[in-house]
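K.L.:
Take a look at the letters that make up each chain.
There are 2 protein chains.
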Amino acid sequence: MPKKVPHRLYLTEDQMPKQWYNLRADMKEQPAPILNPGTLQPATVEELYPVFCEKLAQQEMDSTTRYIDIPEEIQDFYKMYRPSPLIRAYNLEKALGTPAKIYYKFEGNNTSGSHKLNSAIAQAYYAKEQGLTSLTTETGAGQWGTALSEACSYYKLPLTVYMVKVSYEQKPFRKSVMQTFDAEIIPSPSNTTKVGQMILSQDPNTGGSLGCAISEAVEKAVTTENCRYVLGSVLNQVLLHQSIIGLESKMAMEILDEYPDIVIGCAGGGSNLGGLIAPFMQDKLLGKANPRIIAVEPASCPSLTRGRYAYDFCDTGRVTPLAKMYTLGCDFMPSANHAGGLRYHGMSPILSKLYHDGYMEAIAVEQTKVFEAAVFFAKQETILPAPESAHAIRGAIDEALKCKETGEAKTILFGLTGTGYFDMTAYNAYLNGTMTDYIPTDEDLQKGFERLPKIPGIQ
Amino acid sequence: MPKKVPHRLYLTEDQMPKQWYNLRADMKEQPAPILNPGTLQPATVEELYPVFCEKLAQQEMDSTTRYIDIPEEIQDFYKMYRPSPLIRAYNLEKALGTPAKIYYKFEGNNTSGSHKLNSAIAQAYYAKEQGLTSLTTETGAGQWGTALSEACSYYKLPLTVYMVKVSYEQKPFRKSVMQTFDAEIIPSPSNTTKVGQMILSQDPNTGGSLGCAISEAVEKAVTTENCRYVLGSVLNQVLLHQSIIGLESKMAMEILDEYPDIVIGCAGGGSNLGGLIAPFMQDKLLGKANPRIIAVEPASCPSLTRGRYAYDFCDTGRVTPLAKMYTLGCDFMPSANHAGGLRYHGMSPILSKLYHDGYMEAIAVEQTKVFEAAVFFAKQETILPAPESAHAIRGAIDEALKCKETGEAKTILFGLTGTGYFDMTAYNAYLNGTMTDYIPTDEDLQKGFERLPKIPGIQ
Numbered sequence: 001m002p003k004k005v006p007h008r009l010y011l012t013e014d015q016m017p018k019q020w021y022n023l024r025a026d027m028k029e030q031p032a033p034i035l036n037p038g039t040l041q042p043a044t045v046e047e048l049y050p051v052f053c054e055k056l057a058q059q060e061m062d063s064t065t066r067y068i069d070i071p072e073e074i075q076d077f078y079k080m081y082r083p084s085p086l087i088r089a090y091n092l093e094k095a096l097g098t099p100a101k102i103y104y105k106f107e108g109n110n111t112s113g114s115h116k117l118n119s120a121i122a123q124a125y126y127a128k129e130q131g132l133t134s135l136t137t138e139t140g141a142g143q144w145g146t147a148l149s150e151a152c153s154y155y156k157l158p159l160t161v162y163m164v165k166v167s168y169e170q171k172p173f174r175k176s177v178m179q180t181f182d183a184e185i186i187p188s189p190s191n192t193t194k195v196g197q198m199i200l201s202q203d204p205n206t207g208g209s210l211g212c213a214i215s216e217a218v219e220k221a222v223t224t225e226n227c228r229y230v231l232g233s234v235l236n237q238v239l240l241h242q243s244i245i246g247l248e249s250k251m252a253m254e255i256l257d258e259y260p261d262i263v264i265g266c267a268g269g270g271s272n273l274g275g276l277i278a279p280f281m282q283d284k285l286l287g288k289a290n291p292r293i294i295a296v297e298p299a300s301c302p303s304l305t306r307g308r309y310a311y312d313f314c315d316t317g318r319v320t321p322l323a324k325m326y327t328l329g330c331d332f333m334p335s336a337n338h339a340g341g342l343r344y345h346g347m348s349p350i351l352s353k354l355y356h357d358g359y360m361e362a363i364a365v366e367q368t369k370v371f372e373a374a375v376f377f378a379k380q381e382t383i384l385p386a387p388e389s390a391h392a393i394r395g396a397i398d399e400a401l402k403c404k405e406t407g408e409a410k411t412i413l414f415g416l417t418g419t420g421y422f423d424m425t426a427y428n429a430y431l432n433g434t435m436t437d438y439i440p441t442d443e444d445l446q447k448g449f450e451r452l453p454k455i456p457g458i459q
Numbered sequence: 001m002p003k004k005v006p007h008r009l010y011l012t013e014d015q016m017p018k019q020w021y022n023l024r025a026d027m028k029e030q031p032a033p034i035l036n037p038g039t040l041q042p043a044t045v046e047e048l049y050p051v052f053c054e055k056l057a058q059q060e061m062d063s064t065t066r067y068i069d070i071p072e073e074i075q076d077f078y079k080m081y082r083p084s085p086l087i088r089a090y091n092l093e094k095a096l097g098t099p100a101k102i103y104y105k106f107e108g109n110n111t112s113g114s115h116k117l118n119s120a121i122a123q124a125y126y127a128k129e130q131g132l133t134s135l136t137t138e139t140g141a142g143q144w145g146t147a148l149s150e151a152c153s154y155y156k157l158p159l160t161v162y163m164v165k166v167s168y169e170q171k172p173f174r175k176s177v178m179q180t181f182d183a184e185i186i187p188s189p190s191n192t193t194k195v196g197q198m199i200l201s202q203d204p205n206t207g208g209s210l211g212c213a214i215s216e217a218v219e220k221a222v223t224t225e226n227c228r229y230v231l232g233s234v235l236n237q238v239l240l241h242q243s244i245i246g247l248e249s250k251m252a253m254e255i256l257d258e259y260p261d262i263v264i265g266c267a268g269g270g271s272n273l274g275g276l277i278a279p280f281m282q283d284k285l286l287g288k289a290n291p292r293i294i295a296v297e298p299a300s301c302p303s304l305t306r307g308r309y310a311y312d313f314c315d316t317g318r319v320t321p322l323a324k325m326y327t328l329g330c331d332f333m334p335s336a337n338h339a340g341g342l343r344y345h346g347m348s349p350i351l352s353k354l355y356h357d358g359y360m361e362a363i364a365v366e367q368t369k370v371f372e373a374a375v376f377f378a379k380q381e382t383i384l385p386a387p388e389s390a391h392a393i394r395g396a397i398d399e400a401l402k403c404k405e406t407g408e409a410k411t412i413l414f415g416l417t418g419t420g421y422f423d424m425t426a427y428n429a430y431l432n433g434t435m436t437d438y439i440p441t442d443e444d445l446q447k448g449f450e451r452l453p454k455i456p457g458i459q
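Chains as they are written, first to last, in the UniProt record's numbering: chain G, 1 to 459; chain B, 1 to 459.
Check each hint, because a few of them may be wrong.
Chain G regions said to be covered by chain B (calculated; three or more residues, Cβ under 8 Å) [as the list claims (entries may be wrong)]:
id, stretch
1, 106 to 114
2, 165 to 177
3, 263 to 277
4, 389 to 402
5, 412 to 422
Have a look at the derived ranges for each label pair, beta carbon to beta carbon [said to hold, decoys possible]:
id, chain 1, residue 1, chain 2, residue 2, range
6, B, K156, G, E184, 43 to 51 Å
7, B, T206, G, T406, 56 to 64 Å
8, B, N226, G, P172, 51 to 59 Å
9, B, D437, G, E184, 25 to 33 Å
10, G, S63, B, T406, 50 to 58 Å
11, B, K94, G, P50, 31 to 39 Å
12, G, T224, B, K447, 56 to 64 Å
13, B, G131, G, A409, 47 to 55 Å
14, B, K156, G, A289, 35 to 43 Å
Don't read these hints as lab results, they were simulated from the structure.
Backbone N, C-alpha and C define an ideal beta-carbon position, used for all residues, glycine too.
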């Protein structure tokens with residue numbers, strides 16, 4: 001039985017993308033501009049310089065340059081762990097008995113354990129280029145913190161990571177990996193910042209949140225000389241860097257003479273989803289193809305499926321610029337029983353706009369269903385997925401099962417963003433049967449919506 | 001600055017080996033035959049059938065078939081995670097300032113985290129083919145147990161893993177990964193076997209050892225209907241399966257028009273080392289090339305560098321056949337402060353014979369030096385290595401530094417067997433400065449040698 005399509009397709013170094021793709025250049029309508037939190041007017045690029053590295057601030061604001069050269073040093077770094085394979089899920093297809101063809105782009109085969117390294121190395125590179133002498137960031141599940149620690153260690157840039165306290169306590173080994181790469185790890189909220197002190201004074205026992213850790217990291221950056229803040233998701237610049245996932249995927253599929261009918265990604269802040277779908281969304285925007293594009297988010301933190309499309313702060317401390325996005329309110333705290341990442345209250349403004357304009361779909365899935373898919377997948381494909389990635393697996397399996405019912409041989413592409421080696425506590429809970437689902441009530445969500453910022457003339 | 005050699009070379013599926021290479025077929029002198037522990041006479045293949053799957057027992061005894069076809073199903077499984085990349089360590093070379101060219105074959109990019117899956121899937125396949133209904137094994141650091149759990153889950157073969165108790169307690173997440181793949185994990189020594197009961201009665205607080213866990217797994221196999229025992233190292237069959245590492249490496253180097261002057265592997269029981277060096281050792285045996293081949297073992301468990309070349313049991317309970325190998329004595333217990341694997345008292349009989357006959361060198365390194373190399377490597381190459389693998393890194397770095405002194409541009413190939421994600425406790429100890437070295441005294445070793453089995457007419 002000849003198999004024309006290999007199990008794993010790796011591009012050669014020559015085939016690797018030399019430019020990132022900026023999806024905004026092809027959007028018919030742009031995402032709403034971010035607002036300066038002081039003036040409530042659209043922020044200028046200069047206003048971002050105190051917080052962001054200049055080159056990254058420029059990328060953040062650039063909605064017209066379609067392709068942006070990847071600096072050669074970053075290309076060289078990419079070559080240490082990329083190209084990532086495009087994998088044909090032969091065993092998963094067989095186990096499901098589906099006529100669908102399932103492909104996944106696997107970004108977990110690097111020590112950071114996820115796709116986050118794609119943007120981390122770019123951000124560290126530009127920071128070094130500008131002559132910055134340290135960086136700050138936050139991390140929740142720990143993938144971004146690990147990736148940035150690796151990148152900063154490579155460029156010998158001191159890094160302070162504010163790690164959401166509940167994660168800091170539950171994942172001591174994540175912390176150790178980051179420390180191996182010389183990062184300083186501070187559980188958030190902490191007494192090292194004013195905003196941390198304030199949040200602790202309100203609730204000394206809080207487990208923290210991403211939004212809160214962002215506030216602390218930003219404060220530390222703006223109060224430290226020659227230091228800036230970097231973020232691993234949500235931002236336009238991050239989606240730009242992560243476009244390498246989609247560009248490689250599309251090229252690999254072209255080599256296989258394939259094109260996806262459905263593209264599926266997990267969605268927290270949007271870094272992986274935005275990167276994976278970028279060139280396929282381009283085709284859709286330009287009328288060249290019409291793949292279905294599906295965001296899969298956790299039912300416990302359902303920003304796209306149940307959030308408001310409104311201006312909101314990117315952090316809990318309300319110090320960042322405001323972005324128009326699907327949001328649950330910047331002080332939304334996902335249930336403590338929610339395992340893994342995808343806990344952010346908002347969603348990438350680019351993806352929010354595309355979703356709002358009908359270019360993509362979104363579904364929310366419960367975590368026991370996600371872990372069911374994770375374990376099933378692991379047994380067929382021998383990769384233990386990160387809980388975040390398993391949201392996309394759940395979506396792909398469900399679409400493949402629909403194909404089984406209808407007999408359609410659709411081509412499904414999903415993003416497998418990372419591995420779950422640091423998430424065994426959550427796997428244990430699933431295997432022991434102690435994992436439960438949590439879905440916020442409408443009343444829960446309403447409280448967050450009521451606290452959305454009031455902006456005269458806008459909302 | 002053009003780089004002819006890519007950072008990572010992946011063979012295509014077409015280029016992947018379709019046969020394993022059996023090094024014994026080219027050895028001028030064979031390893032001494034294994035002995036039946038009852039008769040102290042050379043064991044027949046039939047005598048192995050109660051313990052081993054028949055096909056594997058035949059492979060164990062086959063010293064003449066040079067190439068053995070890899071069954072198509074195993075080839076297909078290999079394609080899920082192989083070929084593994086041959087990586088040019090550009091950054092490591094630069095950081096060391098060495099003229100040496102350093103290559104490493106990276107086997108850690110699969111969920112088992114190491115090269116162990118190469119033999120695990122083969123052993124599970126042959127067990128399934130024979131109609132066996134369950135398997136037993138032991139695991140120390142956990143890489144073999146994880147790999148076999150994955151392989152058995154794939155073939156829906158129930159598996160019982162006796163996990164060295166100290167490891168069971170120190171690495172709860174390793175256990176969880178194996179449980180995710182449906183394996184039953186029992187801390188060893190346990191009350192589930194007679195040998196376990198006996199060892200516990202002598203020392204109820206023992207942390208266990210690989211040799212002891214082997215005894216339990218063998219007892220469980222021979223007392224359970226339609227069940228057999230499988231082992232992840234030491235055996236000839238394991239080196240056969242692991243030859244895929246060396247075959248792929250050699251082919252990749254040929255594509256790059258390279259040949260190693262030095263081949264370096266870490267050595268515990270010999271599974272990785274034997275696989276990596278196989279085709280290069282063939283060249284050496286046939287007089288086609290003369291690479292230096294270096295085994296790197298821990299100073300705390302120095303079987304090659306300080307052991308006796310003698311017949312010994314493969315397990316602590318003295319129930320297995322006897323093999324002639326470099327050994328520290330079958331009841332040797334490595335210091336509890338020794339982190340990671342490479343704790344076995346003996347060494348592959350094939351490698352022992354080659355070492356004894358002068359075809360390879362061996363060095364022993366202290367664990368703080370190993371972790372120093374591990375952290376240095378991680379920062380340059382962005383891969384967090386397993387402590388076991390870091391022994392080979394240490395060896396490669398030291399050879400590269402010698403090249404720096406002499407100005408020689410030697411080509412070094414080493415095996416990076418796996419990742420250290422489940423070894424963060426050990427990394428913490430190193431980073432905290434609490435890791436210490438342990439080197440057994442001559443008196444310590446002498447005790448083990450005195451207890452080597454007495455075999456009339458032989459030793």
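K.L.:
If a hint holds in the structure, say so; if it doesn't, say that too.
P.N.:
Hint check results:
1. Coverage of a stretch by a chain is defined here by at least three residues with a beta carbon nearer than 8 Å to that chain's beta carbons; for the stretch 106 to 114 of chain G and chain B the count is 5, and the condition holds.
2. Counting residues of the stretch 165 to 177 of chain G whose CB lies closer than 8 Å to any CB of chain B gives 4, so the stated coverage by that chain holds, three being the minimum.
3. With 0 residues having a beta carbon nearer than 8 Å to a beta carbon of chain B, the stretch 263 to 277 of chain G misses the requirement of three or more and the stated coverage is violated.
4. With a cut-off of 8 Å between beta carbons, the stretch 389 to 402 of chain G has 0 residues touching chain B; three or more are needed, and the interface restraint is violated.
5. With a cut-off of 8 Å between beta carbons, the stretch 412 to 422 of chain G has 3 residues touching chain B; three or more are needed, and the interface restraint holds.
6. Checked against the given bound of 43 to 51 Å, the beta carbons of K156 of chain B and E184 of chain G, roughly 47 Å apart, stay inside it.
7. For T206 of chain B and T406 of chain G, the Cβ-Cβ distance of about 60 Å falls inside the hinted range of 56 to 64 Å, so the restraint holds.
8. Taken as a hint, the range 51 to 59 Å is violated for the pair N226 of chain B and P172 of chain G, whose Cβ atoms sit roughly 42 Å apart.
9. For D437 of chain B paired with E184 of chain G, a C-beta distance near 28 Å keeps the hint of 25 to 33 Å intact.
10. S63 of chain G and T406 of chain B have their C-beta atoms about 56 Å apart, which keeps the hinted 50 to 58 Å range intact.
11. Checked against the given bound of 31 to 39 Å, the beta carbons of K94 of chain B and P50 of chain G, roughly 35 Å apart, stay inside it.
12. The hinted window of 56 to 64 Å between T224 of chain G and K447 of chain B holds, with their beta carbons roughly 58 Å apart.
13. A hinted range of 47 to 55 Å is violated for the C-beta pair G131 of chain B and A409 of chain G, which are about 35 Å apart.
14. The given range of 35 to 43 Å is respected by K156 of chain B and A289 of chain G, whose C-beta atoms sit roughly 40 Å from each other.
This entry does not satisfy hints 3, 4, 8, 13, going by the numbered hints stated previously.
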